[in-house]
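Just so you know, the sequences run in chain order A and B.
Read the first sequence against the working numbering and you will find it ends at 291, with the numbers running on by one and no gaps.
Read the second sequence against the working numbering and you will find it ends at 334, with the numbers running on by one and no gaps.
Read the hints as simulated data drawn from the structure, not as lab findings.
Be a bit skeptical, because a hint or two may be false.
To be verified - Distance condition first, Cα-Cα at most 25 Å in a straight line; then the derived BS3-like pairs of lysine-lysine:
hint, chain 1, residue 1, chain 2, residue 2
1, A, Lys168, A, Lys96
2, B, Lys208, A, Lys96
3, A, Lys290, A, Lys168
4, B, Lys206, A, Lys96
5, A, Lys290, A, Lys176
6, A, Lys125, A, Lys284
7, B, Lys208, A, Lys284
8, B, Lys17, B, Lys186
9, B, Lys17, B, Lys206
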Amino acid sequence: MVSLDFIVQQTILGLMIGTLYAVVSIGFSLSFGLARIINIAHAGFYALATYLTYTFMVISNNFAFSVIFASLIISALSFLVERYLISKIYGKHIDLSLVIGFGILFVMSSVIKFIWTPEPKSFSPPPLLSGQIFVGRVSIPVYYLFILIASSCIFIATWFFINKTMIGRTIKAGIDDLERVILLGININRIFTINYVFSSFLAAIGGALMAPLISLHPAIGHSIILLMFSIVVVGGMGSIFGTLVAGMIVGLSISYTAIYNPSIAEGMAYLLMVIVLLIKPEGLFKK
Amino acid sequence: MMKTSSKNFGFLLTRNLDLFIILIIFLVLPRFIPVTFAVHTLVYGVAALAVNVMYGYGGLLSFGHALLLGLGCYGTAFALNYLTDNIVLAVAVGALLTLSVGALAGIFALRRRDPYFSLVMLAFNVFFYQLWVGPLASWTGSDMGLFVKLPVTLDKSTFYHTVLIPILAILLVLTKIFLKSCIGSLLIATSENEEKVKSIGHNPYVIKYIGLLFSSFLAGLIGTQLTLYLAYVGIDYISPMTNPILVFSVLVGGAGTIIGPFIGSIIYNILNYILLVLLGWHATIYLEGIIGLFLIILMIWFRGGLYRAIYRLIKGYHLPDVVR
Numbered sequence: 005m006v007s008l009d010f011i012v013q014q015t016i017l018g019l020m021i022g023t024l025y026a027v028v029s030i031g032f033s034l035s036f037g038l039a040r041i042i043n044i045a046h047a048g049f050y051a052l053a054t055y056l057t058y059t060f061m062v063i064s065n066n067f068a069f070s071v072i073f074a075s076l077i078i079s080a081l082s083f084l085v086e087r088y089l090i091s092k093i094y095g096k097h098i099d100l101s102l103v104i105g106f107g108i109l110f111v112m113s114s115v116i117k118f119i120w121t122p123e124p125k126s127f128s129p130p131p132l133l134s135g136q137i138f139v140g141r142v143s144i145p146v147y148y149l150f151i152l153i154a155s156s157c158i159f160i161a162t163w164f165f166i167n168k169t170m171i172g173r174t175i176k177a178g179i180d181d182l183e184r185v186i187l188l189g190i191n192i193n194r195i196f197t198i199n200y201v202f203s204s205f206l207a208a209i210g211g212a213l214m215a216p217l218i219s220l221h222p223a224i225g226h227s228i229i230l231l232m233f234s235i236v237v238v239g240g241m242g243s244i245f246g247t248l249v250a251g252m253i254v255g256l257s258i259s260y261t262a263i264y265n266p267s268i269a270e271g272m273a274y275l276l277m278v279i280v281l282l283i284k285p286e287g288l289f290k291k
Numbered sequence: 011m012m013k014t015s016s017k018n019f020g021f022l023l024t025r026n027l028d029l030f031i032i033l034i035i036f037l038v039l040p041r042f043i044p045v046t047f048a049v050h051t052l053v054y055g056v057a058a059l060a061v062n063v064m065y066g067y068g069g070l071l072s073f074g075h076a077l078l079l080g081l082g083c084y085g086t087a088f089a090l091n092y093l094t095d096n097i098v099l100a101v102a103v104g105a106l107l108t109l110s111v112g113a114l115a116g117i118f119a120l121r122r123r124d125p126y127f128s129l130v131m132l133a134f135n136v137f138f139y140q141l142w143v144g145p146l147a148s149w150t151g152s153d154m155g156l157f158v159k160l161p162v163t164l165d166k167s168t169f170y171h172t173v174l175i176p177i178l179a180i181l182l183v184l185t186k187i188f189l190k191s192c193i194g195s196l197l198i199a200t201s202e203n204e205e206k207v208k209s210i211g212h213n214p215y216v217i218k219y220i221g222l223l224f225s226s227f228l229a230g231l232i233g234t235q236l237t238l239y240l241a242y243v244g245i246d247y248i249s250p251m252t253n254p255i256l257v258f259s260v261l262v263g264g265a266g267t268i269i270g271p272f273i274g275s276i277i278y279n280i281l282n283y284i285l286l287v288l289l290g291w292h293a294t295i296y297l298e299g300i301i302g303l304f305l306i307i308l309m310i311w312f313r314g315g316l317y318r319a320i321y322r323l324i325k326g327y328h329l330p331d332v333v334r
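Modelling step: build the complete structure from the supplied sequences, incorporating the hints.
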């Protein structure tokens, strides 16, 4: 019999990790909503960011520096990828972006295997963020609390970026009606580029924050794709609030399933996606 | 009398030249590479053809056909290990298992178009893969694979020539018939304009569903043959990592042609063979990257595929988007 404390703990952990999944998925959702591309390369940036964070941690042993530096490098890389590959497929059939995305993902995981070898790697969070807090008999790792705070900050910043700045508002308008935005004389390609780099930056930060929690292996990019897609489908594409709630729902479903059998935990998320596709194909939180 | 029959044969040959070319290629292939590689080329070729039925003709890119291939393999293996000694029955069980899962996946995956179909198929594939390595591991052997007790064993080369080649021929003819049939034409029409198909009184969902069923039949049946050949099923065949190989084969050879997937499969397997010979175990590291690079280059600059390029060189004009 599973104790109540354990269930409460799994609930809290599921919610917290769900916010981090949501951070990773926002960019996916934005590029799906705005540019109508399935940005599989997003998962590649995520995977690369975890490995870069690992390397910087080994070199400098400074977590904040590692996270920020890894995210900046990934953003620069994503700018190049957007400029020379992704920009050629805007407005074309969506299959193109799918195949090219998988291509980029495979090249990246091959590069990861080449540089970091296929053996799993792991590192622990910095001493300030390790340890546990006890609330009654429920123990919560400090790092999970840090994740919750960090993801909340990222979400608030993203919300401000999308709703309060000119570029963000253009992105939001583009998600609603792309043609009218173009008719207004806005250089949509520049908006696409900014959106892409911003998305990749979020993926990289999500990956960098996720890195101490998981064991790094070259296929982590592959495993996050469907998770992101489930979150986007459940939340509705292009919706920031929906992504956050969907991330939490998916995190919860994963952590509850993990009580019974961890190996099919992610399968539950896909099941959730399939059910949502059946009953409300446009997403639970899409107006 | 004699003259007309020879004329008929000539007509048959010119209309179905691609089928004969494929058969001849596979007949001579074991002379150049080991038989096991030739068998894998054939199996991946037919599985890629199944992807092509959905993508090249139906306009729906699938990233989940490895599931169908793997279920064919595992269905036969289960039947032979736990149920029966009859090979034909075991093959039927494998094909039925594939068809039923294909039918189940179709209910969900075909609800919406493009990205949803590919990724829901992929989700099904990953879900079954997790079932296979997780809760069902005691049945499936997980990473170690599953050894199969075959009631009859044939010599490898004999099996290739007496079983696989005829089955390939049957499947090719079936594919040709399917694509030329009314439902095949409707499938192509659906990929071009779903609204128009709807307006002339057909249900696009049903058409795509039948296409998916046929496609799962192709992939599943060739999977059963792989089990019979190897007397072993590896987890690789059901792994989602096999999907890029199939999609790569379709795109390299040329989507929307029957011969294209086989050309792609031959290129992939020969590439794999050369890399294995040159680099040994390290080949897997580079293979993934090379496939990725090819996917990018093909999709941006050479969307037609190799078969179209060769055709244009020889004949001097373009092939249409869909060749039946």
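Here's how the hints hold up against the structure:
{"no.": "1", "hint": "A:Lys168 <-> A:Lys96", "in the structure": "violated (30 Å)"}
{"no.": "2", "hint": "B:Lys208 <-> A:Lys96", "in the structure": "holds (24 Å)"}
{"no.": "3", "hint": "A:Lys290 <-> A:Lys168", "in the structure": "holds (21 Å)"}
{"no.": "4", "hint": "B:Lys206 <-> A:Lys96", "in the structure": "holds (21 Å)"}
{"no.": "5", "hint": "A:Lys290 <-> A:Lys176", "in the structure": "holds (14 Å)"}
{"no.": "6", "hint": "A:Lys125 <-> A:Lys284", "in the structure": "violated (40 Å)"}
{"no.": "7", "hint": "B:Lys208 <-> A:Lys284", "in the structure": "holds (22 Å)"}
{"no.": "8", "hint": "B:Lys17 <-> B:Lys186", "in the structure": "holds (21 Å)"}
{"no.": "9", "hint": "B:Lys17 <-> B:Lys206", "in the structure": "violated (39 Å)"}
The structure does not agree with the numbered hints 1, 6, 9 stated previously, though it agrees with the rest.
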